[in-house]
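Fit chain B to the supplied structure of chain A, relying on the hints for placement.
Now for the letters of each chain:
Protein chains: 2
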Amino acid sequence: MRQIRIATATQVSDRLLNLFFTMKHTYSLLLLTLIGFGSISQVTAQEHDISESLKKEAQALSQAALEENIAYEIVESLTTEVGPRLAGSKAEKRAREWGVAKLKELGFENVHVEPFEVPLWERGIERAEIVSPFPQQLTVTALGGSVATPEEGVVGELVRFGSIKELEKQAQGSLVGKIVFIDEIMTRTQDGSGYGVAVAKRRQTAYEAFKKGAIGALIRSVGTSSHRFAHTGQMKTITDITGEIDSVPTAALSGPDADQLTRALERTESIQIKLQLTPRFEPASTSGNVVGEIVGTESPEEIILIGGHLDSWDLGTGAIDDGAGIGITVAAARLIKDHYPNGLKRTIRVILWGSEEVGLVGAKAYAEAHENELQNFIVAAESDFGAGKIWKFNSFFAEEKLHYLSSFADTLKPLGIARGDNQASSGPDVGALKAKGVPIVSLQQNGWDYFDLHHTPNDTLDKIDPDDLAQNVAAYAAFIYLASEVDDDFRAKEKEIN
Amino acid sequence: MRQIRIATATQVSDRLLNLFFTMKHTYSLLLLTLIGFGSISQVTAQEHDISESLKKEAQALSQAALEENIAYEIVESLTTEVGPRLAGSKAEKRAREWGVAKLKELGFENVHVEPFEVPLWERGIERAEIVSPFPQQLTVTALGGSVATPEEGVVGELVRFGSIKELEKQAQGSLVGKIVFIDEIMTRTQDGSGYGVAVAKRRQTAYEAFKKGAIGALIRSVGTSSHRFAHTGQMKTITDITGEIDSVPTAALSGPDADQLTRALERTESIQIKLQLTPRFEPASTSGNVVGEIVGTESPEEIILIGGHLDSWDLGTGAIDDGAGIGITVAAARLIKDHYPNGLKRTIRVILWGSEEVGLVGAKAYAEAHENELQNFIVAAESDFGAGKIWKFNSFFAEEKLHYLSSFADTLKPLGIARGDNQASSGPDVGALKAKGVPIVSLQQNGWDYFDLHHTPNDTLDKIDPDDLAQNVAAYAAFIYLASEVDDDFRAKEKEIN
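If you read the sequences in order, they're chains A and B. For what it's worth, the numbering used here labels the leading residue of the first sequence as 1, then goes sequentially. For what it's worth, the numbering used here labels the leading residue of the second sequence as 1, then goes sequentially.
Excised from the complex, chain A in its bound form (with noise of 0.2 angstroms):
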């Protein structure tokens, strides 16, 4: 895959030595025992390794990224400048001249817009109170894919779930006429493992409660805020939803809310609920991912994939989901072109997803327009998990080549980033990749206090620390240079022989 490069002459004796380790096995060591190497087993401890040049080279990267304040300046730009930028709308296509005009500026190559196609789900007016015994307005926000309810709203007994599987067990039809509360609590991790639980109750409810005969419904958001935000958040992916009859008129309650119902419910026999909704659907119209490259130098076919998505709720100006990771990633690859103004040895691609919020529907168009070239992605990140420091790294390779996440963690180490497992669970918008074989690279954000911000109004640039997105470029821009630099990729032999 890799041709001859032209080296400089401190790289020389690494590139010799990578040039052997690239042969096969039972070759290099007839290689080595003629050119004089002591013993085996130290073939075999350098044989897999990134040299240590490599490796100083990315940490003197790592370093200059802590020094500057770009990413910053790439989410404050996104965020003031085009503010939410909700899939499928006008503000969505803003951001996308927004991200054409930014790659430009900064240096990038072959920028442009891959077109795909996604309907628009807008909010209307949103609002629910109690009707009685205790008269009062709750904070609440439809979800993305709600249904509408009658302009005047639906008025019904509310019935309190501890949780969506407690819901699923009632009988079909035995809700009628009633709205439904799910009021299951999200746990806070570091990690972000309490989101995959709580949203299940997000997906479902709305289905769930159309077959028990249900008017509406109402959720605890899924997010960990005390304050009194609503989280939206999609139910199915859109491309699934338009115009369907299933479901009802589903909104999330803020922490508080649920909490002042639960304590309502507690005091009385029934409460009654209004809720009014008026979101609207329109049909397809052209979303679009936003592509910038620095070409390669070596081996320009071979992609190094990282980016985040460019989409955001509408609620907020999208700065931690996901202007963060436009601003991250952006910044990654321009410190690379600022070092190396021809580039590195591979090509780096920076993509800017569209529409990820309702569906990973940008991501899913990506994987399949790209189908036939996926052998030539030698690696995908996505960033999308807020601003907070990464503090683990983690991996899908293929088994042979894990021993590399061992120089990639100690050249990421002087970051505070620990070295985590092969079990990445990859950013969503390279899932599709993933599943088709690319190798993945996770870069873990302390994800603690994110799903205080995710998906509400509360989503702004002043909750993203400088210095913390600072020390995302630096783990990305080590990370880029490693992946694109080191002599091998990340996948089993078998596949590369293929």
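If you're looking for bench data, these hints aren't it; they were derived computationally from the structure. Honestly, I wouldn't trust all of these hints.
What the hints assert, rightly or not - Here are some chain B residues the structure puts well away from chain A; computed CB gaps all over 12 angstroms:
#1 E109
#2 E373
#3 K392
Unchecked claim - Label pairs and their calculated CB-CB ranges:
#4 D462(B) to A492(A): 33 to 41 angstroms
#5 E68(B) to R94(A): 35 to 43 angstroms
#6 G437(A) to D462(B): 41 to 49 angstroms
Ideal Cβ positions, reconstructed from N, Cα and C, are used throughout, including at glycine.
Below, chain B alone, put in the same frame as chain A:
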């Protein structure tokens, strides 16, 4: 002012001593000499002190307060069963009904409502957006008393000023057709001293902007939250503004939105803003102060007056402002009733003040109605600064009665409360009493976080720490006890003689 009292055996010696001391100083000295006390200096030291047994009794009450949870239960009941309770609204009426029922349930005597009239100002739609060049919604809320825009809103160019003073300096008619933006930042302090400064812009912007020819105004919220909540609050006293036409529609922006506008203004020559506010005024209707007492056994006409305000802003459920004050003062009086079923010597009067938020309407009505009884008010205190721990104890006593502050402070010290000064800024509802010479005590709460929540939707029960609330009750119970049982008042002597 005080009759001879029936006392327990252990109290007799203290009482006897005190009895002498309530006599003219010269008589006291004579008597003391007769009964064999040693020196004049010893007399002076003891003359004005509160006895150790009273202090111990007060501290026992404090201890009991720390072991119960009733204040929190009261706030929970009010904020859940009534929720928001805007001055002059049906909800405030429900709050009065709640208050009467709650005070009766807890064993208060003479429970009644003292009515007064108040107009109603109710918010409607409130939206603001950047129309161009960076279209996006802003988080705003109308200020109490704001006039409405036309239903379709107003559109104008944004003009930013760093302070209300800067706006004041502009020439009359110099901002025709503009939308004013006052971007003055409030200082966070423990004692709330940043509020007085910050609130000027809330009170004046609508009127100043009108003079300059503007068509609308936005202010950075009077608040310290980094979260995306706009803080409402009253402009002029509601009784002074109904129907007036010398102001422009005015809303508060959340902190992050004010930051966003400032960033946007750094990037463009001109920002067009659309502001849509549809609040409405209703003529005056009946509001009221809810009053309950623990009647005194010996000097029932002498009043220790405590309380919080019953109304709240409409956005939150009024937990810290001022459900907490209601809970603290009601629980403290109830604790006294629990320990002394026949009452203390003096009467403890608890007032749940009505219509505080819109200009102290209940307090003014009360001070007027009770003008001729104020000489019987021994001391007044209001709890209206959230639910943080009390850390300081200020007074507004006659100079010659300041020595009591030392005894009060001794008693409160185990609760972590320090002696303050004699410049107590009263709780708002007792300000009118203070102005008429009623001695005041201010049990100052830690307000570091108070203005994060104040007047926002985020003022909800979960923000209250039950242990902190119990510490407040402990302090109030001790204070009430001492203020009732001390054989003196806190006014200058000449006033007593009159």
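Confirm or reject the statement that E373(B) sits farther than 12 angstroms, beta carbon to beta carbon, from all of chain A.
E373(B) clear of chain A: closest Cβ-Cβ about 37 angstroms, beyond 12 angstroms.
Taking the CB of E68(B) and the CB of R94(A), does the distance hold inside 35 to 43 angstroms?
For R94(A) against E68(B), whose Cβ atoms are near 58 angstroms apart, the range 35 to 43 angstroms is violated.
Evaluate the condition: distance from the CB of K392(B) to the nearest CB of chain A exceeds 12 angstroms.
holds, 28 angstroms
D462(B) and A492(A), beta-carbon distance inside 33 to 41 angstroms?
violated, 52 angstroms
Please confirm whether E109(B) is truly not at the interface, meaning its C-beta sits more than 12 angstroms away from all C-beta atoms of chain A.
holds, 27 angstroms
Given the hint of 41 to 49 angstroms, is the C-beta distance from G437(A) to D462(B) inside that range or not?
holds, 47 angstroms
This entry does not satisfy hints 4, 5, going by the numbered hints stated previously.
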